Amino acid sequence: MAAAFEEADLRTGLNDGGQVLGAFIVARGEDEFVIYLRCNWIRGRGFQIIRTWRGSSGDRAFKNLHSAWGFVRKFNFAGRVTVYPAGDPDLQQFRGVSPAGLGTIIHGPP
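Numbering that gives the first Met the number 0 numbers the first residue of the sequence shown as 0 and each following residue consecutively.
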């Protein structure tokens, strides 16, 4: 897995003149959402998942979609933010998606 990429790294990159080029959210469940960002200062420009402090607790998960979406927007990214359920085959087109994102498709209640 790539090195931890957290909010502080994002702020530093943006303060140094960088830009967020793309974003998407993966719904791992009804109450677990993770964010992937692509920034112009990241080598290879693949998508990186936002992590907790230096990855100490793993991926930074948001309990609701509104919070995840708000995290992306607070960095002035005005582009499209697509939400994918974990396991969606379309996630395979993105470099850097964690195995948890590529897992089983989540279905809502019957």
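To be clear, the hints were calculated from the coordinates, so they are not data collected in a lab.
Please read these numbers as outputs of a predicted model, since none were measured by experiment.
Incorrect hints may appear among the rest.
[Unchecked claim] Beta-carbon label-pair distances, calculated as ranges:
#, residue 1, residue 2, range
1, A7, R72, 14 to 20 Å
2, R72, N39, 27 to 33 Å
3, D30, T81, 18 to 24 Å
4, Q91, S55, 24 to 30 Å
5, D15, L64, 26 to 32 Å
6, T11, R72, 15 to 21 Å
7, W40, P88, 27 to 33 Å
8, G16, K62, 28 to 34 Å
9, L64, G16, 28 to 34 Å
10, N75, G43, 22 to 28 Å
11, R10, G45, 26 to 32 Å
12, H65, R42, 28 to 34 Å
[What the hints assert, rightly or not] Here are the simulated lysine to aspartate or glutamate pairs, EDC-like style, with alpha carbons at most 20 Å apart:
#, residue 1, residue 2
13, K73, E6
14, K62, E5
15, K62, D15
16, K62, E6
17, K62, D30
18, K62, E29
19, K73, D15
20, K73, E5
21, K73, D8
22, K73, D87
Heads up, the beta-carbon is just placed ideally off N, CA and C, and yes, glycines get one too.
Comparing the hints with the structure gives:
1. A7 x R72: 14 to 20 Å: holds, 18 Å
2. R72 x N39: 27 to 33 Å: violated, 18 Å
3. D30 x T81: 18 to 24 Å: Holds, at about 19 Å.
4. Q91 x S55: 24 to 30 Å: Since Q91 and S55 have Cβ atoms about 28 Å apart, the given range 24 to 30 Å holds.
5. D15 x L64: 26 to 32 Å: holds, 30 Å
6. T11 x R72: 15 to 21 Å: Given a distance of about 19 Å, which is inside 15 to 21 Å, the answer is holds.
7. W40 x P88: 27 to 33 Å: holds, 30 Å
8. G16 x K62: 28 to 34 Å: At 33 Å between Cβs, range holds.
9. L64 x G16: 28 to 34 Å: Given range 28 to 34 Å: holds, Cβ gap about 30 Å.
10. N75 x G43: 22 to 28 Å: holds, 23 Å
11. R10 x G45: 26 to 32 Å: violated, 20 Å
12. H65 x R42: 28 to 34 Å: The hinted range 28 to 34 Å holds for H65 and R42, with Cβ atoms some 32 Å apart.
13. K73 x E6: The hint holds at about 11 Å.
14. K62 x E5: Given pair K62, E5 holds - Cα atoms ~17 Å apart, limit 20 Å.
15. K62 x D15: violated, 30 Å
16. K62 x E6: holds, 17 Å
17. K62 x D30: Given pair K62, D30 holds - Cα atoms ~5 Å apart, limit 20 Å.
18. K62 x E29: holds, 8 Å
19. K73 x D15: Measuring from Cα to Cα gives roughly 17 Å; hence the hint holds.
20. K73 x E5: holds, 14 Å
21. K73 x D8: holds, 14 Å
22. K73 x D87: Given pair K73, D87 is violated - Cα atoms ~26 Å apart, limit 20 Å.
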